[in-house]
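Visitor: In case you want the letters, here they are:
There are 2 protein chains.
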Amino acid sequence: MRISILGIGNEVIKGKTVNTNASFISKELNKLGFDIKSHLVVKDYASEIKSALTYLYSHSDLVITTGGLGPTVDDLTRESIAEFFNEALVVNEEIVNQIESYFKQSGREMPKTNIKQARYPKLAEVIINKNGTAPGMYFEKNNQTIIMLPGPPRELNPMFLDYVIPKLRMSHEPSTVSKLYRTMGIGESHAEEMLEPLYKKFLNVEIAPYASVGSIDFILTVDKSVVGYENELNKASQEFENIMTDFIIGDQSKFINEHVVDLLKNKGLTLGIAESCTGGLLSSMIVDVPGSSSALLESCITYSNEAKVLRLSVKEETLNVYGAVSKETAEEMSKGITQLLNTDVGLSVTGIAGPTGGTKEKPVGLVYMAITIHGNTDVYKYNFKGSRKKIRTQAALTLLHTLYKKLKEIKL
Amino acid sequence: MRISILGIGNEVIKGKTVNTNASFISKELNKLGFDIKSHLVVKDYASEIKSALTYLYSHSDLVITTGGLGPTVDDLTRESIAEFFNEALVVNEEIVNQIESYFKQSGREMPKTNIKQARYPKLAEVIINKNGTAPGMYFEKNNQTIIMLPGPPRELNPMFLDYVIPKLRMSHEPSTVSKLYRTMGIGESHAEEMLEPLYKKFLNVEIAPYASVGSIDFILTVDKSVVGYENELNKASQEFENIMTDFIIGDQSKFINEHVVDLLKNKGLTLGIAESCTGGLLSSMIVDVPGSSSALLESCITYSNEAKVLRLSVKEETLNVYGAVSKETAEEMSKGITQLLNTDVGLSVTGIAGPTGGTKEKPVGLVYMAITIHGNTDVYKYNFKGSRKKIRTQAALTLLHTLYKKLKEIKL
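For the protein sequence lines, the chains are P and E, in the order given. In terms of this note's numbering, the first sequence is residues 1 to 412. In terms of this note's numbering, the second sequence is residues 1 to 412.
Since the hints were derived computationally from the structure, they do not count as laboratory data. Glycine included, every Cβ here is placed at the ideal spot set by N, Cα and C. Be aware that a few hints might be false.
Below, a sample of chain E positions facing chain P; criterion: calculated Cβ distance under 7 Å [unchecked claim]:
hint, residue
1, Asn30
2, Tyr199
3, Gly279
4, Ser283
5, Thr302
6, Asn305
Simulated coverage check for chain E against chain P, where a stretch passes if three residues somewhere in it have a Cβ under 8 Å from a Cβ of chain P [to be verified]:
hint, stretch
7, 2 to 14
8, 19 to 25
9, 32 to 38
10, 48 to 61
11, 294 to 300
Bound-form chain P, shown alone:
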């Protein structure tokens, strides 16, 4: 089953809104092994919608439309789709009642214009919208299927997950099986080199890397037309896990900050953080996780040398002799924060985020970080590349990943 997604509306075309609906729908369908062919966005004009549908059905069996279902005269999606399928629109009284009761819930009366939103082709299946006034629809004719959904993600997402996914799973078997991995601590080209034997050995397995700053997700996929496809996927996954064992942090359901907070809480460990160049980013990643307050007692962003001395008891001599960005300072910062707060774990990071401030000996991107656990401190040195923002993000994520590996080793 070949699927395309058609966004309708001016906001995306004008660059006001990013087309997150298309990526949300694609990601969910891709996980289930459906084949996405294209994403298209056009403005809300009848002729453009109709020629878009003609183009999309030239390579798709199902088109999912998003947006253009408002009550105003500008919203022409419903009419254009009906014309494309050569169907009349009929007012569905049940839907009129639903829209009316939606308005009542928020203490308003339904404006007459909203009746428009209850007009559907006679044989269309209506998709209920619990979070707005525009219901969706499922309609099929001449082997061309259309699913029409409203634009706002808070309306679209539950309709897609609660109705569209079960509907598609029931009527259309996905054509592939997949397995998902999230990895950290390895670059894309390095990973490709390590995985090359796997590419050659499992010609029927697609191994697709999805790189973000600091992490790479891998999706291993086998088409169900392959004889013994499940066995093939299991064998490839097993070898993938063996090769990438040092880098896999789980599937794609959790980010590294969630793993770290889980481990701290499960092992009953308290945390203190001393940040310099990351300037609060590392702490903010921890605080992003609900309930992190039971682990993170306090963070000190000691951007200046004075703060490092006063707050973290870094020795002035250390700063004078080795500098603020050094192995020695990182070590004293990490020890200093655990002593100041009396925590089990202390983290520190100090570096040169740029764009200025670099020298030949200490270039932009040089970052030292340290981890103290129950009095023992390890220091790590990195040379990151990229913008100020990217260097800081990489530093924070790398430190979280290193802490994750150390915490996993700790016996309860």
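Position chain E relative to chain P; hints supplied.
Guide: What follows is chain E alone, placed relative to chain P:
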């Protein structure tokens, strides 16, 4: 001039990457008054790329492609475009040299496969890529123009701004004039109400809001076909500025954190920050600005009550009587950080970011923030809505905006 944008590659189709290239390009072109017709994304297959081009040129004069320019056999964009235009690809020696020198800069040798990236139609204009190995191109034949750009935003964005925009401005007169404003501290529907008289008075002026978390950009646009269009834009802009005077923070060239750091540095003021629910996010926004170290001396992320007492000298009685999320605690935190660090300015923020921890009296989203300047403290109370992340982001941005307004008032 009708423009469409064609994204090529599996990442977007599979939902791993959001198509920010299309919105970036559209926003920039829209500002200049160009007419965007559609966004399309297809996979990296020759037949799909060619039928996509046929469809797009049915309603566009210019197609801008993004992505698919890598050195591997999978990257077929170059070949498919050449076939579509019925042109041969020729190795451009100058480009080979450029790619070689790009590799040399990072101490590597150019793999043979990268020669592929130097193959162009003979009459194509090459667009230099300073941040990667894949140059772009500009090519025109039979009134069909194509601009080919690489996918990674850090490569695409400067190529687009430095080459494509000037090129289009030179060869194609935009059909509109515009003026840009960035506003903060006002919601979209509230702004719409305030601007309603303007909508009615200036029927020829399009006033388009672009909302992000914490800020709204406005673009005022007049078509050049309107008699006296410049005068019309000036009059509308003047009235827009009068209505929105409390909310405008400038044009779209700077974010609020940059404005705040500029003001602190220009007025020679030092800053200390005490964060609770924002957990480092506020400090990180300040540290995002290069050179912020001369203003921000230190931040304390006092997530626990103990930290608030020990570090910021918040009274235990205050915490017991009013709670950690209260006007009184925010005030003592802000005063405490200025006294601890002896800074001119102190900021504090304490609130309930959720998703749990809210009560009827203190619901999720309740945030108190305080600003101390030279000993005088003001406290602000907000009820933010949305996810944990959104509440924290709104809190940090709102505090920066409030500080911005106060700093502007301070005489040197």
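Visitor: Return the numbers of the hints above that this structure violates; sort them in rising order.
Guide: 2 and 6
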